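Colleague: What follows is the residue order along each chain.
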Amino acid sequence: MTKQVRQLDRVVIRFAGDSGDGMQLTGDRFTSETAQLGNDISTLPNFPAEIRAPAGTLPGVSSFQVHFADYDILTPGDAPNVLVAMNPAALKANLGDLPRGAAIIVNTDEFTKRNLAKVGYSVSPLEDGSLDGYSVHPVGLTSMTVGALADHDVSKKDAERAKNMFALGLLSWMYSRPYESTITFLERKFAARPELVGANIAAFKAGWNFGETTEDFAVRYEVKPAKMAPGTYRNITGNAALALGIIASAVRSKLPVFLGAYPITPASDILHELSKHKRFGVTTMQAEDEIAAIGAALGAAYGGALGITTTSGPGVALKGETISLAVALELPLVIVDVQRAGPSTGMPTKTEQADLNMALFGRHGEAPVAVIAPKSPSDCFHAIIEASRIALTHRTPVILLSDNYVANGSEPWLLPDVESLPDLTVEFASAPNGEDGTTFLPYLRDPETLARPWAIPGTAGLEHRIGGLEKADKTGDISYDPANHDFMVRTRAARIEAIQVPDVEVEDPDGEARVLVLGWGSTYGPIGAACRALRQRGHSVAQAHLRHLAPLPGNLGEVLKSYDRVVIPEMNLGQLAHVVRARYLVDAIPYNKVRGLPFTAAELESMLEDVVKNG
Amino acid sequence: MTKQVRQLDRVVIRFAGDSGDGMQLTGDRFTSETAQLGNDISTLPNFPAEIRAPAGTLPGVSSFQVHFADYDILTPGDAPNVLVAMNPAALKANLGDLPRGAAIIVNTDEFTKRNLAKVGYSVSPLEDGSLDGYSVHPVGLTSMTVGALADHDVSKKDAERAKNMFALGLLSWMYSRPYESTITFLERKFAARPELVGANIAAFKAGWNFGETTEDFAVRYEVKPAKMAPGTYRNITGNAALALGIIASAVRSKLPVFLGAYPITPASDILHELSKHKRFGVTTMQAEDEIAAIGAALGAAYGGALGITTTSGPGVALKGETISLAVALELPLVIVDVQRAGPSTGMPTKTEQADLNMALFGRHGEAPVAVIAPKSPSDCFHAIIEASRIALTHRTPVILLSDNYVANGSEPWLLPDVESLPDLTVEFASAPNGEDGTTFLPYLRDPETLARPWAIPGTAGLEHRIGGLEKADKTGDISYDPANHDFMVRTRAARIEAIQVPDVEVEDPDGEARVLVLGWGSTYGPIGAACRALRQRGHSVAQAHLRHLAPLPGNLGEVLKSYDRVVIPEMNLGQLAHVVRARYLVDAIPYNKVRGLPFTAAELESMLEDVVKNG
Amino acid sequence: MAGRDAPAAPVAVKLTMKDFKSDQEVRWCPGCGDYAILAAVQSFMPELGIPRERIVFVSGIGCSSRFPYYMNTYGLHSIHGRAPAIATGLSVSRPDLSVWVVTGDGDALSIGGNHLIHALRRNVNLKILLFNNRIYGLTKGQYSPTSELGKITKSTPVGSADSPFNPLSLALGAEATFVARTIDSDRKHLQSVLRAAAEHEGSAFVEIYQNCNIFNDGAFDELKDAGTRDDYLIRLEHGQPITFGKDGQFCVVHPPGGFGLEVRETASVSPDHIVVHDAGVAEPAYAFALSRLPGEDLRNTPIGVFRQVSRPSYDNLVHSQVEAAKAKATGTPEEQLAGLLTSGDTWTII
Amino acid sequence: MAGRDAPAAPVAVKLTMKDFKSDQEVRWCPGCGDYAILAAVQSFMPELGIPRERIVFVSGIGCSSRFPYYMNTYGLHSIHGRAPAIATGLSVSRPDLSVWVVTGDGDALSIGGNHLIHALRRNVNLKILLFNNRIYGLTKGQYSPTSELGKITKSTPVGSADSPFNPLSLALGAEATFVARTIDSDRKHLQSVLRAAAEHEGSAFVEIYQNCNIFNDGAFDELKDAGTRDDYLIRLEHGQPITFGKDGQFCVVHPPGGFGLEVRETASVSPDHIVVHDAGVAEPAYAFALSRLPGEDLRNTPIGVFRQVSRPSYDNLVHSQVEAAKAKATGTPEEQLAGLLTSGDTWTII
Ligand SMILES: Cc1ncc(C[n+]2csc(CCOP(=O)(O)OP(=O)(O)O)c2C)c(N)n1
Ligand SMILES: Cc1ncc(C[n+]2csc(CCOP(=O)(O)OP(=O)(O)O)c2C)c(N)n1
Ligand code: SF4
Ligand code: SF4
Ligand SMILES: [Mg+2]
Ligand SMILES: [Mg+2]
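Residue numbers (the working numbering), protein chains in the order written: chain A, 1 to 615; chain B, 616 to 1230; chain C, 1231 to 1580; chain D, 1581 to 1930.
Accuracy of the hints is not assured; some may be wrong.
[To be verified] In the DSS-like style, the derived pairs of lysine-lysine whose C-alpha atoms are separated by at most 30 Å in a straight line are: (1) C:1558 <-> B:804; (2) C:1370 <-> A:276; (3) B:891 <-> D:1731; (4) C:1381 <-> C:1370; (5) D:1601 <-> A:474; (6) B:1089 <-> C:1251; (7) B:772 <-> D:1804.
[Claimed, not checked] Counterexamples of contact, computed for chain B against chain D with all Cβ distances above 10 Å: (8) 718; (9) 811; (10) 869; (11) 1123.
For the record, the hints were derived by calculation from the structure and aren't laboratory data.
Here the structure is a predicted model, which means the values were calculated and not measured.
Glycine included, each C-beta is placed from N, C-alpha and C at the ideal position.
Just chain A, same shape as in the assembly (with noise of 0.2 Å):
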């Protein structure tokens, strides 16, 4: 049977299922196929914070969306095209995002009455009409499964676990994916138990095979490649991103890294990913706590390693004592925040915006820091190259802001050449500094960057003592003199602000906005979708993006002077906004949500039409 074959410009699809289904795995397949086809692609995986809910039940769900375009795109997507539910529970708790008209993919093995029953349906939504207004494949996906392994050597449970092969063999066929990464996959995943890789291709075989077979999907569709930049691409999450930026940090600074972290959801993929390449000369310590993390990674830069401590929240506000510390001392040291939602525990698998204010102004005493946040996952690479280039030439300490929506969503990345990242290299002080040629003055500055000198223990002659007491300018010797003290205040805040950072670029097209909107880290996807949106039904509006919190970039002020409406859409309760009140004195327009998810383009669309249209 030939099927028809129609064109698309974007799909957004969902794999959803319990958490034991394996739709983190199945979804992140769609998406390699999909890169090898050249589409730009965007993806949200959303699990539970239980390890292994019960099975079956709302909370036990995890899902998996990905967006795929012949364009570049810039989120994950609103609202799924293609719903793909194992079971009860995943139907339930994704329907509501659906629009009408979205197809369904049931799993119709598993709509039993008990299974109907863990989640409160009396009677199956496959039959009471509830679905009616959208496109329903039911599907025996499990015991379709089962009947393509009959004559497969593996357990009946092995057998029905490769359902999920099975809807992705019957999805790729769908929107006609290549699928040789997949076998080569399944071969190397399975390496140990070869029963089990003839299995799972079977399973994905028999799904392409009843997508070309059965009457019941009676489309193919293709989506074209996007036009991209010529290069080499991956697929890369926002933590696998940080990973591969500190290592290029290693190798670019020739400097070994030293991470010290301990495990905290959403950020201890980065240790384990860094723990994977020691070769680069990468020490990783899990260590007692996190206060132990920052002071290994501290000691550690003393001694002439780029320091490193990844955490999240609750791991920072720890931490606050010993970054205070490190601003004293003005060694180099990177402590990255990927972002989760708070106060205290709050939701560690749900993403938030709210540690902007800690990372700021969270330490006692006048203990300012550079501050920076990535805007998408595969620049979460680029972000940290820039901390550890500031951290490693102006002798500070600085936080970069990730969040568990960048830090586990993925997109292309363009594999940069790398020639072409920073050149890292410091020069450690070798000689005495002093006038008289004998003196070593740890305190004497750099008259540019006003960083002091990195001496590090094992250069002879140049032994001195540094801590967190106040210390004389230049000598570094404690010192209680008031003047002195206001001005070392003032130096290591003009320090921070002497980083050089580039000028805030606006995203103005026609040059005719008069409503800014100002965002910084993980909105950028939403709000540039928004504005793009806005722009196509014939509105003005202007989009700027802060990847640097602090130093903020010189030409702010006068950006934000330029236009009439300055709107901050924000996951947090207005951090940002607070900030550029206060020093511009600009009447920006906060517009929060804190629910844990990424704001969608449509309602940022919605809300910035409003301001565009009445001021």
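Once you've looked at the hints, dock chains B, C and D with the ligands against the given chain A.
Modeller: What follows is chains B, C and D with the ligands alone, placed relative to chain A:
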């Protein structure tokens, strides 16, 4: 010989000597005598960070300044009229603060070659004319004391030690202080060693008589009692007032107090003082660290006590994660931060106001708390009662920001009637509050305060579980629901804004002012003194002082907007100014000095004069 | 306690296991050892004879620390590592409560190590249940301070370089007065240890071996499998000679001159050389030696109460200081306060 | 190490005590025991044969923690309690350095307890000198975790309710491989312990009894006064029978059946019953028993090296993992990085 008696309206005396010379005690005694006389008083102790720095060196100098007057005064005075210098180091360290014409009483016995050399004098300043502009009184304090005690049965060392009492006697004579209380004090202090009682009293009298007889002191001074409100007074330091206020909170709330604390300068004295008053149902625990200290206080609060933790900046930096938990738990908790100069260890015995940012913003997630600051030593008593009131009524952490200046400074305090103190009694939940009459909803709120019930263990029928994960509205069950999280985040913010705080009052005597000075915390004295001085010189200036930093008084925006210029002096780099600018978009001018010392009234006066004149 | 109704005297309530089940759905992975511990605790609780409202479970963060949600008592799920500190404040200020701490090997020994050892040295009246699965469960499989040297986990792909703590040795080094070990799968034993812990005044430290079937499955299999457990486990019983093995074929002896304990074939040893277990020895060196018995292969693992000696609890000492001060005071609190305010040098202006 | 000149091989420098004095004025109270320790350390340092620039002193906060300022080596005066953590990062990433931690009883055992026990279990290559004056000096006289129960201090006007830690028992419970005690006033002994510590691979934990003459004067007088010291102090010497007393009249025995050690009159004991000190016993129970010997009155206080056993240091294990990985890698770092970036599923657009 009858001496001439001259009337003065105010005097500033600074006692300065080696750490071992007993200057703090001497100053304390002089202050006590002065208080007895009904003068208004303000004091400023200043001691080295070292326990006992090497004798005779500059870092070893300890001083105590007392300002007394026949009218109400606001500061310990900018510049001493009299300096008592017990050794060359004390002279050198303090000379710079003396206005020309001031009197200097020096202990010539200590002006030996060796002692002079220790502080870098090659010639004695008593001999090289460098003190010509001052009225110098060289006195052999040590030798005369030893002489006076010749027939006392004390060691030479003990005799020499009594020289501070000789000095006190001399100054007491000069300023016509009543000395009965000092005699009683000495009797009590040395009760265990009667020979020292006699010796010290004899030294004191010898000093007095020396003043009476020597020609060098031709004039005696009198400072009339100040016109102060009727009532009973005592002289009090900020830390002592905090301890008393905590005890008063226990009495007025009828709750046990649990203080969890870890020693840290300058907050330790609150722990010391409170640990003496267990009879009020006050339990003090010296915990293993600051995190345990606040943890224990929170645990006690959960159990129905008034939980309090006292510390300084580095300690608060460590408590952030637990404060964030307290925000989520919505339990009463008072956190006292006696600020000192930072960042890091900074200058532990010096003052600063640079922890405001941390108090307001120093936690992960949106974790708002109430923040309050006392303006003077005696105000600490009322401020901590207010902090307790807010914590208990609104079930929220409250941070009280004191600082080293109010903590160790002292002033006369009109003792309040116990019955006039606010009633802090609370009601614990005692019965189910659900609509069904049997369910208990731990997060059902009081519609006015938005506070949740305080249901303490031991209450049958209200068994429930709470924690740091996001909680569903009303039930308090764990919830990952996006809309619920947004609601809870906003509700926690609204809870703080719902706290009733009095309008800020403006002091603008002639109603003509176009310039408003806004302050908070311990700058009240110098700002007030500066405004008075300006007004006396015919200028108009308005003063407003914030006790409540979060929430801010409801009328603040209006007040700020009714002046042409708002100036905000702070001992930090402009933290309140930042908040005010962000919130009210008022172009407030920050005036910042971060020297570890309080502002002088004179510098504020000249700064304000400039603003008043030039806008 | 001032300001609130003094809690009614404990009523002789007759409760059942069901009374201790909360309405929250239990959310551990199917097969997790935590279920067994929960059931054991819930069914033990009625024995305590304490009304539910007088019982509080305080925990930190971790899979194990979800425990309080499932107990129909008062419960506080706090933050990572801090449960002993929080529980200390609660226990000291509320001597009428029975306060239990539930914690994991990461929660108690990694981030929370300091609070744990301080609670133990102070002898705070807490019953501390450490669920030791030798892994970080909640954060999905990193090694913990009780994981074996060389363990391969997510954060140690080529093996960990940290020698583990022996939790019981650590507790004994920290002056613990009650130290015990038990195991998730043996409800009867678990409950016997809970019983002893509940009766102890001061800190009772109980290590519970718990299987994490997702990230460290089978960590204690030798102690559970019918084929091996009897030969691996040493069941300590106060006053009894220490023998073990399917047929009592092994025993514990104290070689002369040595300081440690050793395992021998019972047949080869004269009966009076077999160590008779005495949990009450004042000297902690005995319990310490016991704590060192197990090999890396889990052979010779003692379970039961290692040490149980009496020392006044911190709570008691603190409380009696407060009570003594109160007893000496006269007048109403208001009068006392007025007296305090006017103490020292005062003066009056009329 | 990549990116910096590999430090020159240690030159056989001949340094003197003077070389180790920094230009900073020493600011402890006159009479403080810290002076004696400083002098002992400064005069011991040349023995190490390590150039000054390879030596780092890391401290926390406290009077004792001012120590690094006075050593003309590299020095880091950090924050309260965190020195072991900071020093761990330094030591692990710089195996060419000799890293010393100076800490106090509050710094190491109160706020810093967790970092200390974790450094010890890991066996990080740190020489940890704990100045134990049984008081908080810098904050002017509160009790510490080593202060006696019932101690009256500024924060405990009616006596403390906390039982103290025994720092050596705690260290042994935390798997320490080197544990020793010495005393400020005995320079020769102090230096002999420093010598042994310096030679140890891994964490060397040294408790130094130190007099705080301002806030806890005379805490160790019995161990110093000519009249009592010989009868109070037990000087441990490896391989020697443990006898002490002015005339060797006391000895340490190990009563049969018991687990602790006891003191007897030498005359009443057959010589082969006297315990012969062996710091190298693998089993920590012996050193643990030694650590329990002293009474509250300081009688029977052993000084010297209690335990010294060999276990690979954390530094070594970590380092060899990194080196092994490096050895396997081929190509320049840039090439490797390029390889890593393009690993996994990639696609190319032309
Ligand atoms: C301050 C902080 N750091 C880290 C975490 C992340 N975290 C949660 S539980 C846990 C460890 C859990 O291990 P364990 O205590 O052994 O409990 P288990 O899950 O194995 O029962 C970690 C690291 C956190 N919640 N808070
Ligand atoms: C975070 C923090 N908490 C508290 C302090 C205050 N503090 C400084 S030193 C010290 C204790 C000192 O005692 P110890 O370690 O025994 O040293 P010693 O002064 O006796 O040598 C304390 C509590 C601090 N500096 N930082
Ligand atoms: S991860 Fe392990 S410890 Fe946690 S619930 Fe699952 S099985 Fe239990
Ligand atoms: S206070 Fe004590 S420990 Fe500190 S310097 Fe003085 S004598 Fe030494
Ligand atoms: Mg665990
Ligand atoms: Mg000490």
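Colleague: Next, verify each hint and record whether it holds.
Modeller: Verification of the hints:
1. C:1558 <-> B:804: holds, 24 Å
2. C:1370 <-> A:276: Judged against 30 Å, a Cα distance of about 17 Å means the pair holds.
3. B:891 <-> D:1731: Holds, because 14 Å separates the two Cα atoms, which is no more than 30 Å.
4. C:1381 <-> C:1370: holds, 15 Å
5. D:1601 <-> A:474: holds, 21 Å
6. B:1089 <-> C:1251: The hint holds at about 21 Å.
7. B:772 <-> D:1804: Judged against 30 Å, a Cα distance of about 26 Å means the pair holds.
8. 718: Fine: 32 Å to the nearest Cβ keeps residue 718 (chain B) off the interface.
9. 811: At roughly 19 Å from the nearest Cβ of chain D, residue 811 (chain B) sits farther out than 10 Å, so the non-interface label holds.
10. 869: It holds; residue 869 (chain B) is separated from chain D by about 24 Å at its closest Cβ, greater than 10 Å.
11. 1123: At roughly 44 Å from the nearest Cβ of chain D, residue 1123 (chain B) sits farther out than 10 Å, so the non-interface label holds.
When the structure is compared with the earlier hints, no violation turns up for any of them.
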